[in-house]
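*Asks:* Okay, here's what each chain looks like letter by letter:
Protein chains: 2
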Amino acid sequence: MNDPSSNHTAYAVKPIGIARTPFRDTSQIPKGKGARHTAEGTLEIRPELEAGLTDIEGFSHLFVLWLFHRADGFDLVTRVPVDEHRAHGVFSTRTSRRPNPIGLTVVELLERSGASLRVRGVDMLDGTPILDIKPYLSSIPSEKLRRGWLD
Amino acid sequence: MNDPSSNHTAYAVKPIGIARTPFRDTSQIPKGKGARHTAEGTLEIRPELEAGLTDIEGFSHLFVLWLFHRADGFDLVTRVPVDEHRAHGVFSTRTSRRPNPIGLTVVELLERSGASLRVRGVDMLDGTPILDIKPYLSSIPSEKLRRGWLD
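Chains as they are written, first to last, in this note's numbering: chain B, 2 to 152; chain D, 2 to 152.
Derived by calculation from the structure, the hints in this document are not laboratory data. Treat each hint with caution, since some may be false.
Put simply, identical chains are the same to the list, so a pair is met inside one copy or across any two.
[Stated by the list, open to error] In silico DSS-like pairs for lysine-lysine, Cα to Cα no more than 30 Å straight-line:
#1 K145 with K15
#2 K32 with K15
#3 K145 with K32
Predicted, not measured: the structure shown is a model, and the values here were computed from it.
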């Protein structure tokens with residue numbers, strides 16, 4: 002590395018809210034090939050941040066960044082439910098045991114009520130800390146996608 | 002909030018590497034409506050994490066999570082280059098001045114060389130700390146997207 006100092010600084014993040022979902026245990030979350038994420042949930046944003054949601058109703062889909070708050074440590078290679086027979090690099094998967102345990106989910110925005118967003122497509126545990134919400138703006142056309150070991 | 006304690010815990014994140022890009026200053030990064038992100042750059046992952054990149058060559062596109070490491074504080078409502086005349090909620094924009102200054106970019110993977118990934122589509126400053134890499138798996142069809150105040 003040309004600038005090793007950049008790699009050793011730790012930064013603090015602080016949740017902007019929590020997710021309310023139907024999932025009390027990771028075993029309840031649909032996983033693996035063909036898993037459909039249609040569960041509804043609520044993103045409860047901290048009341049003092051409500052103004053940050055201004056205009057969000059106009060977007061059909063959102064990126065949600067959140068913490069795998071129950072993950073303990075990480076693996077560099079791992080087996081995941083979608084392909085139990087081969088191990089893959091952690092950065093080639095969406096496993097929870099990552100160097101930085103940050104999850105990323107695209108949800109459909111159904112309704113906003115003050116600082117609460119009702120959404121479809123949650124795949125995180127109830128009580129999950131939310132780090133950020135961003136508008137989902139565009140797609141890579143499916144004909145241009147290669148999905149690696151998943152195909 | 003039903004569980005306020007979840008909202009006040011700070012978590013530490015630590016970069017997994019840094020991005021090498023052509024951009025020394027934010028003014029050099031294409032912004033606003035119609036901005037095209039075709040710049041090439043390199044994601045230099047920490048050598049001890051190289052095994053985590055196993056199989057990543059098979060994916061055409063990757064999500065990169067990174068830190069706006071020069072951002073200082075945040076705004077709840079903000080004006081952005083794509084619409085300078087109206088302010089929008091921070092979570093309705095991709096501005097750097099966010100409660101958690103985490104950026105998200107979809108890049109095209111061109112080549113892997115050990116712990117370095119050559120990619121197209123970088124829009125972050127040279128030296129940006131990288132937090133995570135995930136495979137980009139699917140798209141929301143464009144006919145199902147609403148892009149809020151951007152449309």
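*Asks:* Go through the copies and call it for K32 and K15: within, between, both or neither, with a Cα cutoff of 30 Å.
*Replies:* both (28 Å within a copy, 28 Å between copies)
*Asks:* First find the shortest C-alpha distance between K145 and K32 inside one copy, then the shortest across copies, and answer within, between, both or neither for a cut-off of 30 Å.
*Replies:* Both: 24 Å inside a copy, 24 Å across copies.
*Asks:* Within a copy, between copies, both or neither: which one fits K145 and K15 at a CA-CA cutoff of 30 Å?
*Replies:* Neither way: K145 and K15 sit 36 Å apart in one copy and 32 Å across, limit 30 Å.
Consistency with the previously given hints fails for number 1 only.
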